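> The chain contents come next:
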Amino acid sequence: MHNKTIAEISRDLAAGEYSSTEITTDLLARVKDLDKGLNSFITVTEEQALAQAKAADERRAAGNATPWTGVPMAHKDIFCTKGVLTTCGSKMLSNFEAPYDATVVENFNNAGAVSLGKTNMDEFAMGSSNETSYFGPVKNPWDTDRVPGGSSGGSAAAVAARLVPGATATDTGGSIRQPAALCGITGLKPTYGRVSRWGMIAFASSLDQAGTMTRTVEDSAMMMNVMASFDKKDSTCVERDVPDYTSTLNDSIEGMTIGLPTEYFRDDISAEMQQQVRNAIAEYEKMGAKVKEISLPNTHLSVPTYYVVAPAECSANLSRMDGVRFGYRCEDPKDIEDLYCRSRGEGFGNEVKRRIMVGAYALSAGFYDAYYKKAQQVRRLIKNDFVEAFKDVDVIMSPTSPTPAFKFGEKTDDPVAMYLEDIFTIATNLAGLPGMSVPCGQVNNLPVGLQLIGNYFDEARILNAGHKFQQATDWHLKAPQGIE
Amino acid sequence: MEWEVVIGLEIHAQLATKSKIFSGASTAYGAEANTQACAVDLGLPGVLPVFNEEALRMAVKFGLAIDAEIGLKSVFDRKNYFYPDSPKGYQTTQLHHPIVGMGHIDIELDDGETRRINVTRAHLEEDAGKSVHEGFSGMSGIDLNRAGTPLIEIVSEPELRTAKEAAAYFKKMHSIVTYLGVCDGDLSQGSMRCDCNVSLRPKGQEEFGTRTEIKNVNSFRNVERAINAEIERQMDILEDGGVILQETRLYDADKNETRAMRSKEVENDYRYFPCPDLLPVIIDQDYVDAVKETLPELPDAKKARFENDHGLSATDAAVLAANRDLADFFETAAKIAGDYKLTANWVQGDVSAALNRLEVGINELNITAEQLGRILQLIKDNTLNNGGAKEVFNALVEGKGDDVDGLVDSLGLKQVSDTGAIEEIVAQVLVDNPKLVEGYLATPEEKRGKAMGPFIGLTRKAAKGVNPQVVMEVLKKKLEEL
Amino acid sequence: MALDQDQVRKIASLARLQIDDGQIAEYQTNLTNILDLVDQLSAADTDGIDPMAHPLDAVQRLRADVVTEENQRENFQKIAPATEQGHYLVPRVVE
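Those protein sequence lines, which keep their order, are chains A, B and C.
This note's numbering puts the last residue of the first sequence at 484; the count rises by one with no breaks.
This note's numbering puts the last residue of the second sequence at 966; the count rises by one with no breaks.
This note's numbering puts the last residue of the third sequence at 1061; the count rises by one with no breaks.
Isolated chain A (complex conformation) (with noise of 0.2 angstroms):
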């Protein structure tokens, strides 16, 4: 039953095969028994999620289900859920229960779907390899050796072990597409202002996107009818039409003109890498795809702004874990300094700890014009990298990460080179773009993905693009040895 995707587990439960308590328990059995070897959940809302499925199998018995009802998922445990912990991976809200849900999760709850649990991820959404949990790493589904990329780790690695079929997340500089790629998963990242914010633990507000982790671009499509919603209590939330993302999936692509940016193709991008890449682009050729070389020319200086505009956000956005009204806070303060000070130096860990201490110099007196004035100048001329070269294709396609999953501890001693780890998927987060990542072959037993970019609140089109090359290939069937 685990190896279901969404979209059968809605058809199954429509003709009766099994019911949501079915699929609930046996997936609940499972968590149980293979998380303990990764690592992928928080905390599992095991009570919660047999009363959901009960409740859902009794609206489809009343004539009342949607297509989610009674389809089993998971949180990123950055969404807040009511009366459930809600940690964003940090020891500073290792203690705190939401007083309230996250509009993602209400979206899904009135659908009806089944909730498992909360997903690990690096600490505040901040780190590419999930290693900056306060609740410890998740493994790679893959390679046990091997990090399952970050932020959203844990909802990458329990979809790709078959744990969930599906599970929320969100990407500030590639944190849904990057351990996407690295766990051999579909990573869709929408466009700004496309999903709400409410109820999201902020990391960066102008960045931070909440999109999906599914197995197929089809239950992508699926999530993203859920997930999308004009929500009024997001002021940068567009008020716009969400389509049926499913409708457009099986719609030719004859004729598509898809764009690789030079700069995603460098050289110091392993051979074998980009071959995985260039292999998928002639899949697309030969469904009629057009393709074009197009130039990106400050996409080198996207991760050095991204740097400086995510980090000065998130100094500001964290300023509220400060131990007074909820959270984590020190034994005996002194004085309120000493409150302030040492909840705070105790409950974030260092990488949480240095961004917002770059962010904090950054906006600092006297520096602001050169670090943060500037990157919002350099973030404006990024984005007319891609005005641009909208102008002339309909997607742009490169390399997910610049390598597939790497070891533990291999880049955790240097912050920067962890960095570049978001290379390729920064840029679109600055730009505010939909961006998705898509198995596309494997190096060395380990998956690569394929990075789609689409024009702003066109995410119709790149899910478009993924399902017809998902229909083409069977990368994304692929599972983890000993998964299957």
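No lab work stands behind these hints: they were computed from the structure.
Computed from a predicted structure; not experimentally measured.
Calculated pairs, BS3-like style, for lysine-lysine (alpha carbon to alpha carbon, straight line, at most 30 angstroms):
(1) LYS36/A - LYS54/A
(2) LYS656/B - LYS614/B
(3) LYS563/B - LYS373/A
(4) LYS557/B - LYS383/A
(5) LYS884/B - LYS864/B
(6) LYS934/B - LYS919/B
(7) LYS976/C - LYS373/A
(8) LYS557/B - LYS232/A
(9) LYS292/A - LYS383/A
(10) LYS233/A - LYS1044/C
(11) LYS614/B - LYS502/B
(12) LYS931/B - LYS961/B
(13) LYS478/A - LYS407/A
(14) LYS91/A - LYS563/B
(15) LYS1044/C - LYS502/B
(16) LYS563/B - LYS232/A
(17) LYS825/B - LYS898/B
(18) LYS976/C - LYS563/B
(19) LYS36/A - LYS407/A
(20) LYS563/B - LYS233/A
(21) LYS478/A - LYS411/A
(22) LYS232/A - LYS1044/C
(23) LYS54/A - LYS1044/C
(24) LYS614/B - LYS82/A
Example chain B residues on the side facing chain A (calculated, C-beta under 8 angstroms, incomplete):
(25) ALA523
(26) GLY527
(27) GLY530
(28) ARG562
(29) ASN564
(30) PRO571
(31) GLY573
(32) TYR574
(33) ILE626
(34) LEU763
Beta carbons are placed, not taken as given, at the ideal position from N, Cα and C, and that holds for glycine.
With chain A's structure known, arrange chains B and C on it following the hints.
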């Protein structure tokens, strides 16, 4: 050395919206601690702000009232600092693109002169919560009900030169915001607070001296006293050859002195940057024009009209125009009475006295403007004399009735102006008081005017509503006849 | 841009982060490396480029001035480290 004082004020006025600037929690004053602090106000993880349209409208209205440039694009910034009453660790405010730009107001000085004071800007921001230091066994308690209440911070140019001017400026701002209805102006509840920036420089020097900021002064009187105390302190230091430290101070009204704030010792670097959770606020000229349509007549215009069109003295006009409720009450009554001057005397006399005695505002008084107008109308047409009018007025204030004409009747106050009837009453008074008559006749001619007093009193006692003018005439005649 | 240890301490204090003395050197190295990465920005020609704070050129939506929130103090204070009489408790704050 001769010193010149330089003062600039930053006034925080809470906007009179029902809900908070970025959340749907109530702004009502006086609720139990933290019962009006929602997830957004508490800064819980994952919450987001959405801007209140009424806060925007009120800020624009204020900007128009001080003849300021309105920011068609305004941007919210985060001002970062840690303090327990600031739940997010930053305050959402407007640094580079405030909603209100350069404007000005006129203040009246004691010598009757008017001075124009420029207002640098006014920006929208959120209020902080409150720390309570008593009753928590050595700890502080934090109440975040006030957190997120919309404020406009009105920043003056450093153009004020005396504490008195500063107080007049604060008063004038108070008058304007309450006129507009954008702030309830209740100083005791902290609806308006004032930070005073004070510095001294040798007379003639262009460069400003080092300034100190006195935080959160919350009455007109204390603005004047606090600034004077600070001027004195700074002058003592400077005269002794010392230097002023740029610092934040608090005014202690009991000791009438300012002292440095300890909590501000830690040097701050606010690290302002545009709030990424909020987008630029864009309005167009049509919006501004529509708000302009809703502007009431403002104190200066009203004062001028009272003076020029209705002949009130400058002082009367200023007093009556300063408070919108009082001005409305006055003008409604004056229109009914058909006499602005008479009404002005009454409002500043009996009405003010009643307000002070009962410690209430004009709208809580038991007498309406219409009722006062009717009373004054009855004075004008000689139906009531002054004493009778006061009696009706007091009866209304004391809640003894609400029909002016009914009270005039039931209290028997209708003024008798009929000479015949009065002659009869006077004749009876003279007959009843032979000793007084004797005394009067023994009084030398030149002092008889004063000696007539008792007869007037007795006559009016005998018949309440008699017209004193007529009584005088009749008495004079009757006594001469004796 | 190389940071010295005092600067590291100063930034940590500004951000209210206690960093153990033994870790200062490590932070110094890492932060310096990150700032070196970031310094690549200085080479970019950004003359006349409008800074971009949001990816979409959207404008702020307005909320009607209506009270929509009810008292949830109990619910919110359940998760607080310390409360008394409905207040959040902190070490005494001196003004």
